[in-house]
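Can you make the complete structure from the sequences, with help from the hints?
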Amino acid sequence: MTDASVTLEPASRAREADNPHSPVVHFGADRPLKLDAGVELSPFQIAYQTYGTLNPERSNAVLICHALTGDQHVANVHPVTGKSGWWETMVGPGRPIDTERYFVICPNVVGACMGTTGPASTNPKTGKPWGLDFPVITVRDMVRAQAMLLDHLGIGSLFTVAGGSLGGMQVLQWAASYPQRVFSALPIATATRHSAQNIAFHEVGRQAVMADPDWRQGRYFVEGTNPRRGLAVARMGAHITYLSDAALHRKFGRRFQDRDNPTFSFDADFQVESYLRHQGISFVERFDANSYLYLTRAMDYFDLAADCDGVLANAFKDTQTRFCVISFTSDWLFPTSDSRAIVHALNAGGARVSFAEIVTDKGHDAFLLDEPELFAIVRGFLEGAAKARGLPPAR
Amino acid sequence: MLMRPKRDLTMAEAARVPGGARVDLIAVADMVEHGAKVLDVGCGDGELLRLLAETRAVDGRGIEISREGVNECVAKGLAVIQGDADTDLSDYPDDAFDYVILSQTLQATRRPRVVLEHMLRIGRHAVVSFPNFGHWKIRLKLLFGGRMPTTDNLPYAWYESPNIHFCTIKDFRQLCLVVGAKMEKAVALNAWGRALRFNAPWWFWNLIGEQAVFLLSRREGRPHRVD
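Line order of the protein sequences matches chains D and A.
Mapping to my numbering: the first sequence position 255 is 255, numbers consecutive.
Mapping to my numbering: the second sequence position 201 is 201, numbers consecutive.
A few of these clues could be false.
Using 20 Å as the maximum straight-line C-alpha spacing, the simulated PhoX-like pairs for lysine-lysine come out as follows [to be verified]:
(1) D:K387 / A:K76
(2) D:K34 / D:K125
(3) A:K170 / A:K141
(4) A:K37 / D:K387
(5) A:K76 / A:K37
(6) A:K170 / A:K185
(7) A:K137 / A:K170
(8) D:K317 / A:K37
(9) A:K182 / A:K170
Rough simulated footprint, nothing fancy, chain A against chain D, three-plus residues with beta-carbon under 8 Å [said to hold, decoys possible]:
(10) 344–354
(11) 357–364
(12) 376–387
FYI, nobody ran anything at the bench for these hints, they're computed from the structure.
Glycine included, every Cβ here is placed at the ideal spot set by N, Cα and C.
See the structure below:
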């Protein structure tokens, strides 16, 4: 890692990748992670956060799966940005996912950059960051690694698995791969496969990163550079897809930023431009460009039906898991039709499924935002599941 | 529009047993065995599902067309999805449920026959409750008023009613014959949804029942035509 210390910022990020501000479980050569790519990742580590207390019966564990640019810091101050946790409105004492009742675990996914092994982590064979030598990973690999973490923690079955977007994909993969370990599942704003349009958006983002001369074929840590412009552009483009036309119009309209007239230049005249630039710049501070490539790729490859000869219903055949599928009206990245396809497959498999579509103009990001109806539905669903699981009522 | 037309039940809404349950729903629940697996089509705010869960320990699921109804149900912990009886019943596999219930919704479906056929395909039993358009008051209103009848329980004017396929008890019995359903039980209800518990011939029920509840089953060996 000595090379990386030439620039300040990648160094701090690399530190987080190897020695994060989170508990870490190391999996040695005796416990390799078998990847869909046909290779083994070993040794590797998983960084995770927990909240609440595991009950003596070990029946109240909740697994939170984070989204593409999320991490394990669900409900605590983020060690790099200093901002509050990404799902603090949902997870915490008295929140819908109540940490006074449930034991919440959120691991950083494989391929990410906040302490679980990924391209920013040190490759033990070379002593340098993995970079593009890191194997391509899939959502199933992420889930397989999480199952190993739970085995290590002695948690057999999960009361619920919850997550949105890429997190929701992991939820569905959990229900398909380990149905007997998942008592209930909350896939939010997600799909059983990434659409062509979404793959296309991801490709634009990846090309933006790779077009940055500072990317250096993924060797920027070693060469002391940082493809911040490329990653920022990727984030700007992606961020538009997380919002909606209506939300952008409501927030920014055509208003100017700190000026009354256009400057007849390419400055950020409009508030929306300034906002996007800010989104791009602040993202670069906390995220690794190569991780962005790997995680978007994992989403692109996700297709649950493909694992079951193209019949999605077979992925959930005879499942006993209780599902609550949630979508948002203005989400055009993972539209309601994607959620309906999940519900359709679950119904065909005779599963116990609830499905709610929430009216909002906030787009895909709505699952992260203050949506009282979302909270009420999650709370009610978990309440019903807790009763069925025999968990004591809330204090 | 396929949500359970709430305003159609204004009198029944007012009639509740001491436990708080609507009496017309009790007549429906009475048709369902303890511990059964049940699908309530057009489940509204989930009151019947809740009643069935509490009094009969059923494993209940619901379909409801209105988003508000669905979200209210899910927040209550009920397994309910947003869907339309006319289009979404085909998603369910054969014999998935012991009972499929259609409470006060048949008259609002676009294709009642297809809906009923699907119910008998998905469930071993079907329970159907509907307002009886053969009730004497309705007949008199049409006969002497000369206009489409409205009543306390069916208050909509013809041009804004969600109820597009009214039928009488006699009509419904005929539909049962057409789709090959076996009538296991039938009960007529008064305006408040209370069951009329005495024996009478069908023509009489068709005249004095404001609503009816039928328990149907598939006739053995008879294939079910579903378009």
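### Query
Broken hints, numbered, in rising order?
Failing hints: none at all.
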